[in-house]
Amino acid sequence: MVDFCIVGLGVSGLAAAKYCLRQGYSFSITDSRDQPPGLETVQALSPNTPFFLGGFSLDAMLDANEVIVSPGVSLKEPALLEAKKQGKTLLGDLELFARVAKRPVVAITGSNGKTTVTSLIGEMARACGQRVVVAGNIGTSVLDSLAQETLPDLYVLELSSFQLERIESLKLRVAVFLNLCEDHMDRYDSLADYAAAKQRIYQHAQICVYNREDPWTTPPAGKQTVSFACDEPKEGEFGLIDHDDKTYLAKGTQRLMPSSRLFLEGRHHVANALACLAAGDALGLDIATMLDVLRKFRGIRHRCEWVRLMQGVTWYNDSKGTNVGATLAAIQTLGEKTKGKLILIAGGQGKGADFSPLRPLVKRYVREVILMGEVADQLERLFADVVKTVRVNSMDEAVQAAELAAVRGDSVLLSPACASFDMFNNYEHRGDVFCESVKAL
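Residue 432 in the working numbering sits at position 439 of the sequence shown; the count goes up by one each step and never skips.
No wet-lab data here; the hints were simulated from the structure.
The structure displayed is predicted, hence computed values, not measured ones.
One or more hints might be untrue.
So the derived label-pair ranges between C-beta atoms look like this [said to hold, decoys possible]:
{"#": "1", "residue 1": "L144", "residue 2": "G333", "range": "35 to 41 Å"}
{"#": "2", "residue 1": "R301", "residue 2": "L55", "range": "51 to 57 Å"}
{"#": "3", "residue 1": "P350", "residue 2": "A140", "range": "38 to 44 Å"}
{"#": "4", "residue 1": "Q196", "residue 2": "Q371", "range": "35 to 41 Å"}
{"#": "5", "residue 1": "L14", "residue 2": "D52", "range": "19 to 25 Å"}
{"#": "6", "residue 1": "R401", "residue 2": "E228", "range": "47 to 53 Å"}
{"#": "7", "residue 1": "R357", "residue 2": "R294", "range": "53 to 59 Å"}
{"#": "8", "residue 1": "G17", "residue 2": "E390", "range": "21 to 27 Å"}
{"#": "9", "residue 1": "H422", "residue 2": "L55", "range": "33 to 39 Å"}
{"#": "10", "residue 1": "Q196", "residue 2": "L55", "range": "27 to 33 Å"}
Positions of the beta carbon are idealized from the N, C-alpha and C atoms, including for glycine.
Please build the complete structure, drawing on both the sequences and the hints.
This is the structure we're talking about:
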């Protein structure tokens, strides 16, 4: 009998294996793949670890005290359902983190904006003199973050719905739920099911920060709350106030900073800034310092990232636009500021999403849609009567087609509204390939 069976290797599974090795726990690993990523690393670090590959092994799970399930593995896998039925505890890397973390934690979830808000809150806390570890869905595994020799003053975690499904005891100083739109519908039975997973962030939170314009984010009754939105705030809320022909970020009636001082444009970026201020204020961070960080913030890679201006055409990389909501925000923001029209590059793995909300904005702002990936047929049917569509088989072809379609004053926007795994390793890889192709023109 081993202490843990790790189900699904990859980034989280590898971090769990390293955690077990650091703590002296025995473990086994099972994966549906014959050669999962991280396999050689674990074999080198722990040659005697038993592996059960090519299918999730129920026997391996039953021969462990507890089962660590990686976020990418659905809890509806038959072997996991049977293991749970036979009394095994199923947990995630976040639950292991919760058991041993000794410092305050702020966590951020939502369909869109998580990485931006997580990064900004981390920068704000650092600017206020705190030692900060930023981890979770943002790159560094929560378990890898525990390997640092010096304990931080604050953990700032970006959490996905998949991670939140598996938590029971994570205590948060502040929980932030930004927004909800249709995503991961290949994993959840309904939007309400998806929202319920996200809502788990509030379970043991001292202060809940939510978007009062999005009912899905509203915390349960009885919680201490702070809200934000792009409307006029009441006392203690964060929002926007119009004064002397300017719009200000505000807390209650207190004007904090003109929204025009934000480098990033778009309503969604203003909402993200307000969420950061609400969370930082709940953490006790200095308002003036936070505003200074907001003024200096230039954005994050793969999120409406400016790539190049060539022959009057501006190119943007929004590869992080992996769902409809993110792509809607990108089209709206760039469509309003572009003198000409947009050339949109879209498509990939659809995750069961309904793409129809894209139609009105595509009709209004887009000259041509260049389609790629598994859902190209579906998107072509959706857009064919409102805009010209072109099918391509690679990112290089997409960039070349966009160059042909664009005229001076246009912008080319990669914002796929889809996951990347049908053609790329991840959204970062997709964005990098796009940028390389654009710079090679």
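Hints and how they fare:
A C-beta distance of roughly 52 Å is found between L144 and G333, which places it outside the suggested range of 35 to 41 Å. The given range of 51 to 57 Å is respected by R301 and L55, whose C-beta atoms sit roughly 55 Å from each other. P350 and A140 have their C-beta atoms about 42 Å apart, which keeps the hinted 38 to 44 Å range intact. The supplied range of 35 to 41 Å is met by Q196 and Q371, whose beta-carbon atoms lie about 37 Å from each other.
Between L14 and D52, the C-beta spacing of about 23 Å keeps the proposed range 19 to 25 Å intact. A beta carbon spacing of about 50 Å between R401 and E228 agrees with the range 47 to 53 Å that was offered as a hint. Checked against the hint of 53 to 59 Å, the C-beta distance between R357 and R294 comes to roughly 28 Å, which is inconsistent with it. Checking the proposed 21 to 27 Å range against G17 and E390 shows it is violated: the Cβ atoms sit about 52 Å from each other.
The hinted range of 33 to 39 Å is satisfied by H422 and L55, whose Cβ atoms lie roughly 37 Å apart. Checking the proposed 27 to 33 Å range against Q196 and L55 shows it holds: the Cβ atoms sit about 28 Å from each other.
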